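There are 2 protein chains.
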Amino acid sequence: MMKKIMNAPENYVTEMLEGIYTAHADMVAFTGDDLHCYVSKVKKAGKVGLATGGGSGHLPLFLGYVGEGMLDGCTIGDVFQSPSPEQMYNVTKEIDSGSGVLYIYGNYNGDIFNFDMAAEMADFEDGIEVKSVVAGDDVATEKPASPDEKNKRRGVAGIFFVYKCAGAAADAMLNLDEVKRVADKAAANVRTMGVALTPCIVPRVGKAGFTIEENQMEIGMGIHGETGFRRGPLEPADVIVDELLEKILADIPYVKGNEVAVLVNGLGATPLDEQYIVVRRVNARLKAAGISVHRYYVGEYATALEMAGFSISLLKLDEELKKYIDGPVNTPFFKQF
Amino acid sequence: MMKKIMNAPENYVTEMLEGIYTAHADMVAFTGDDLHCYVSKVKKAGKVGLATGGGSGHLPLFLGYVGEGMLDGCTIGDVFQSPSPEQMYNVTKEIDSGSGVLYIYGNYNGDIFNFDMAAEMADFEDGIEVKSVVAGDDVATEKPASPDEKNKRRGVAGIFFVYKCAGAAADAMLNLDEVKRVADKAAANVRTMGVALTPCIVPRVGKAGFTIEENQMEIGMGIHGETGFRRGPLEPADVIVDELLEKILADIPYVKGNEVAVLVNGLGATPLDEQYIVVRRVNARLKAAGISVHRYYVGEYATALEMAGFSISLLKLDEELKKYIDGPVNTPFFKQF
Chain A
14 MMKKIMNAPE NYVTEMLEGI YTAHADMVAF TGDDLHCYVS KVKKAGKVGL ATGGGSGHLP
74 LFLGYVGEGM LDGCTIGDVF QSPSPEQMYN VTKEIDSGSG VLYIYGNYNG DIFNFDMAAE
134 MADFEDGIEV KSVVAGDDVA TEKPASPDEK NKRRGVAGIF FVYKCAGAAA DAMLNLDEVK
194 RVADKAAANV RTMGVALTPC IVPRVGKAGF TIEENQMEIG MGIHGETGFR RGPLEPADVI
254 VDELLEKILA DIPYVKGNEV AVLVNGLGAT PLDEQYIVVR RVNARLKAAG ISVHRYYVGE
314 YATALEMAGF SISLLKLDEE LKKYIDGPVN TPFFKQF
Chain B
14 MMKKIMNAPE NYVTEMLEGI YTAHADMVAF TGDDLHCYVS KVKKAGKVGL ATGGGSGHLP
74 LFLGYVGEGM LDGCTIGDVF QSPSPEQMYN VTKEIDSGSG VLYIYGNYNG DIFNFDMAAE
134 MADFEDGIEV KSVVAGDDVA TEKPASPDEK NKRRGVAGIF FVYKCAGAAA DAMLNLDEVK
194 RVADKAAANV RTMGVALTPC IVPRVGKAGF TIEENQMEIG MGIHGETGFR RGPLEPADVI
254 VDELLEKILA DIPYVKGNEV AVLVNGLGAT PLDEQYIVVR RVNARLKAAG ISVHRYYVGE
314 YATALEMAGF SISLLKLDEE LKKYIDGPVN TPFFKQF
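Protein chains in written order, with our numbering: chain A, 14 to 350; chain B, 14 to 350.
Because the hints were derived from the structure by calculation, they are not lab data.
One should not assume that every hint holds.
For chains that are exact copies, the list does not tell them apart, and a pair is met inside one copy or across any two.
[What the hints assert, rightly or not] Here are the simulated DSS-like pairs of lysine-lysine, each with C-alpha atoms no more than 27 Å apart in a straight line: (1) Lys269 / Lys348; (2) Lys260 / Lys16; (3) Lys54 / Lys300; (4) Lys336 / Lys54; (5) Lys54 / Lys106; (6) Lys198 / Lys56; (7) Lys348 / Lys57; (8) Lys260 / Lys165; (9) Lys60 / Lys16; (10) Lys144 / Lys106.
Bear in mind the structure is a predicted one, so any value in this text is a computation, not a measurement.
Model the full assembly from the supplied sequences, consistent with the hints where possible.
Next up, the structure:
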């Protein structure tokens, strides 16, 4: 049954947004009289604008990565729903400073359709050049048969690394083509896989759309509860980590001496303690494989409401991506010195 | 039933600690060959040392506040268990740089007993001057009859504000008596009250020690599941916030024009979305009361494993506390520019 701290379910997202604008009034604002059109108050003249968007229910994804060193704007939909083209268009106009705008978002049909339309509106109405990078990092979903084939994979927590690298590249005043190249490179080198222990409940729906039996887990479940790779008995943390890492590492070529950035991400209800138990095993396995970790990120970066579980994302690094991973960030939800 | 990402329950804390030292090796280390003795790698010569300690299961409390601008060390017990006097003594020796050490910890009998003993050991063996501030901020527990009476209240999330103010005061190179005065002032001006929607499970125990019925909540439950102020049907967010705030504001004198820092804290399983719905109502109520908010903190600051629920803490500010609240912090778990 649903136990949430909320008022009327239909106000869940707008009241959440009011709280965010209240708490972080010094850093973020909305544009076009629409709470769903979220932009950074920090503007850097001539910088390529970066925007994302997607459904609510994943905090700090998506809006949490808007701020200095990362993104400039975000369009927010209802829980697990895509925002509208008009909303993304409003954000686009607000964040363009003449150097064009790059959209970075997860691989979901609704988002692709809506953001493509927003890009056309911005071009047609205002002559703003918009390019897009669609992140699809979930190795639990079908691998494209060749690099030329369209990526049908779901976008999950690994999009954080695409934001991070593209944000630092834009902050370094690279042009639109170059920022897109960096974002594409990060997207091509990030892989994620997760495990869910419990379902989550969309506020307007009021009950879970699926169940995960007691003592069961689902490997590879998506962040909206999409069917995963396999379901089975809950196993010890180390066994789960080994299965996830094996799939992640097998998906792109790794050799001894490679460097990675690691994100261990809690899906909502899993304590930070457990996420660090995961870190311990990830580190041991990567060390055994001769892969060194340049930087760890641990905590809730992309959630699915109150779902219990976690995901692991690896970003394979070269010198350029390493430099962009290390750049400083200051948003209300994520800070890096 | 217990659904946790872990290996053997008896290794829950040590494996979590190994993960933390792995992920944050640049910033923290353990001392005395004991993972439970956690210290910052940043040392500032001549600064008063600040230490805390307590049971595991509350991340980022307690160790998460060790770092530049806050604490120097932390002693970590098993889940919901006090660490030993010897462990706190080891941390004390490591962090003293000749200016003495201040202990700041929550009001629990085991911690008081053990940390008093550690203070005696440090004085007797090494001549280190140790003073203590015991935080008891939970207004769901009995109010002391007079300011002179010993505070019997539980320490909960509000201790974050005591760490923050004392940390900034020590960083400003105030002496031990002065840092203690600032910590005492913060502790005297912070009040917290929370609500729990679900119980939590201690890993070694394997099942919840209590239940909260479907559609019920417990106002004022402690962060180890201690009995709260009242139990009743789950109400809308605004109604819960109003009840908590009324109790908090009635506990110390507030007048129009007062300023506060606000902490809205998730207890573990409650999504960040819901915490911001709380912020919205807190802000409206404080505005109506003529109280202005200097700064908001929102997120998981003091948890109870996977308990669902949240707490509100208010710190009543004067110019001195405001200055210390604003000081920069850099720990692996909490950063403020």
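*Tell me, in ascending order, the numbers of any earlier hints that this structure violates.*
Those not satisfied are hints 1 and 9.
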